[in-house]
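Protein chains in written order, with the numbering used here: chain A, 63 to 363; chain B, 423 to 746.
Please keep in mind that the hints were generated in silico from the structure rather than gathered at the bench. From the three backbone atoms N, C-alpha and C, an ideal C-beta is built for every residue, glycine too. Be careful, since some hints might not be right.
To be verified - Cβ-to-Cβ under 7 Å is the rule here; a few derived chain B residues that face chain A:
| # | residue |
| --- | --- |
| 1 | L459 |
| 2 | V479 |
| 3 | L541 |
| 4 | A561 |
| 5 | A563 |
| 6 | V572 |
| 7 | V626 |
| 8 | L728 |
As the list claims (entries may be wrong) - Some residues of chain B that are not near chain A, with every Cβ distance over 12 Å (derived):
| # | residue |
| --- | --- |
| 9 | R489 |
| 10 | D497 |
| 11 | A501 |
| 12 | D502 |
| 13 | A527 |
| 14 | D580 |
| 15 | R605 |
| 16 | L606 |
| 17 | K679 |
| 18 | V722 |
As a plain string of letters, each chain reads:
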Amino acid sequence: MTATADHAKTARPVPPTTTGAARKGGRPGRRKSGPGGRALTVFTWAVALVFISPVLWMVLTAFKQEGDAYTDPPKVLFTPTLEQFGAVLGGDFLPYVGNSAIATLFSTALVLLLGVPAAYALSIAPVRRTKDVLFFFISTKMLPVVAVIVPLYVAAGRIRMLDNIWTLVLLYTAMNLPIAVWMLRSFFLEVPTGIIEAARLEGASLSRVLWSVMLPVMAPGIAATALICMIFSWNEFFFALNLTAAKAATVPVFMTGFITSEGLYWAQLSAAATVVSLPIVIVGWVAQRQLVRGLSMGAVK
Amino acid sequence: MSGTVLTRPAASAAGSAPPPRRRTLPRLRKQARPWLLLAPALLVIGTLLVYPLGRVVWLSVQDYGLRNVVSGESDYIGADNYVRLLSEPYLWQIALPNTVVFAAAAVGGTVVFGTLVALLLRTLGPVVRTIVISCIMVAWAMPAVTGTYVWIWIFDVDRGIVRQALVALGLIGADGVNWFTERLTFYAIVTLNIVHHGFPFVAVTVLAGLLTVPRELYEAAMLDGAGAWQRFRHVTLPTLRPVFAVVTILSTIWDFKVFAQVYLMPGGSGSNMEVLNLGVWSYIRSFGRQEYGLGSAIAVMLTLMLLAITIVYLRALFRDEELR
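With the hints as extra help, turn the sequences into a complete structure.
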């Protein structure tokens, strides 16, 4: 967005005619909404419900016996059981979770390590060709993963890095870096330049400016970026499918193994899907505010 | 908020000496420093994304099969793979329409639905809004793999809830319908899956944009007697043009590259050639049939298409405003 829009959001003086409450939400048609507004609210709830329902259906099925999962009409009331979760967790599920956790956490840390200085170089201390570099970063997002998989597979095989979790860590880092740099840059642009100039005037070194001045201000933005990288890494399927086997496979791969080997045991599959989704949904849910901000900032700016 | 952070260092800086003069640091070093900060990131992306892409372009002009993987030798055949690819009816009748028509439908669906939800969210109070955003964010954060399985199950031929509902309503016969064998129904399910997965991003982004539109603009429009659609058309749309452009670009990029949502569906991994898109087709040509040269040519074509689309979008987006 442009600077004027930002300005309008943060520093616009309250017009004398409006109340504080109306301004807070920034909703234009609120006042005249009587029954229409209520209908709209009901409709919104319906939308939210429809879109949460596949997820709900999955979770519900996960607590069923296999027999209860197939009834026609579908059973909504049933005796819940933890049997399916037991079966999933009792199997060889945990190594996959470990692999996913390694791939997610280390790649996210690497993304921040490489992305924060890069974003700084593109915002606060811009290089001459900032625009070109930004386009380069975003252009790599266009790259279909199917286009790079053959050479990556061959190269990983040659250096004996196939079925190695660190291969995924590196790839996820490269995969998430472009979007992370864009997001971080938009957060850097929000930092008032006054602070940086002041710190510079005091003779603070670059690393010090980054570490003690920028970082505290940037923390929410960095958190948002990290969360988005974590979600993308945890959910990544294609690289994991092709570059790992028994040793380094992650949870999305575990899911596919499940459907082929176990056939159509939907209740158990649902339990597995629930367990796989749970950590990332919790992460996303707890930090929703940052996430929403990060998602929109990355795109809006 | 910005005011408080601003004062702290600035106040202490006011009393200190004027900026220390860098004595011997040439300008060159000052210019090089940002590049040093950028270098590691560029290096990682260069090694892991750009170099393989270069290799794929190289592969696409080779006759490269399993034999060549073993021997390490390759035969340069120029544009032969591309000629073969472009003269293959499968590309024009199946793979390309599957990719492009689906992407158009999915992008349209995602952006329109996401925008509607954003408009609804704007009218809600803060508490209800937070609850609804939580619900839709769950859909966004769910892994594509699990999401796809859930949709497969919902449309399961024998025991899917959709079939049960339609049979109960008498809309389809008791035998049910196999949604996954027909191209149209297959991609209808994929579209549903993608819209479900992608609209939360559009909704929160557009909402963030909507909240920056000065209310005065709407009030003025209302005074002029503009209806809801006119307000959207003449106030929201022009103001949020960059936001819409960005969500459309990103959705397009994602939807052209869809892989898991097709590959994991019944028949999507190659047993039903009717339903493949360019990405999956390239993958199956390369890995399934060991025709690495041709598979690479497909991949290069897909990349070029995405590049072209993105350039057109970016042109439109930055037509009259500088990149911040």
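Consistency of the hints with the structure:
1. L459: holds, 4 Å
2. V479: Cβ of V479 of chain B sits 9 Å from chain A, so the hint is violated.
3. L541: This interface hint is violated because 9 Å lies over the 7 Å limit.
4. A561: holds, 5 Å
5. A563: holds, 4 Å
6. V572: This interface hint holds because 5 Å falls under the 7 Å limit.
7. V626: Hint holds; V626 of chain B Cβ to chain A Cβ min 5 Å, cut 7 Å.
8. L728: Result: holds, 4 Å to nearest chain A Cβ.
9. R489: holds, 14 Å
10. D497: holds, 17 Å
11. A501: With a cut-off of 12 Å, A501 of chain B remains clear of chain A, as the shortest Cβ separation is near 18 Å.
12. D502: holds, 18 Å
13. A527: A527 of chain B is indeed farther than 12 Å from all Cβ atoms of chain A, at 18 Å.
14. D580: Non-interface label fails for D580 of chain B: nearest chain A Cβ at 8 Å, not farther than 12 Å.
15. R605: The claim stands: R605 of chain B keeps its Cβ more than 12 Å from every Cβ of chain A (closest is about 20 Å).
16. L606: Non-interface label stands for L606 of chain B: nearest chain A Cβ at 21 Å, farther than 12 Å.
17. K679: violated, 5 Å
18. V722: violated, 7 Å
Hint compliance for this structure: hints 2, 3, 14, 17 and 18 are not met, and every other hint is.
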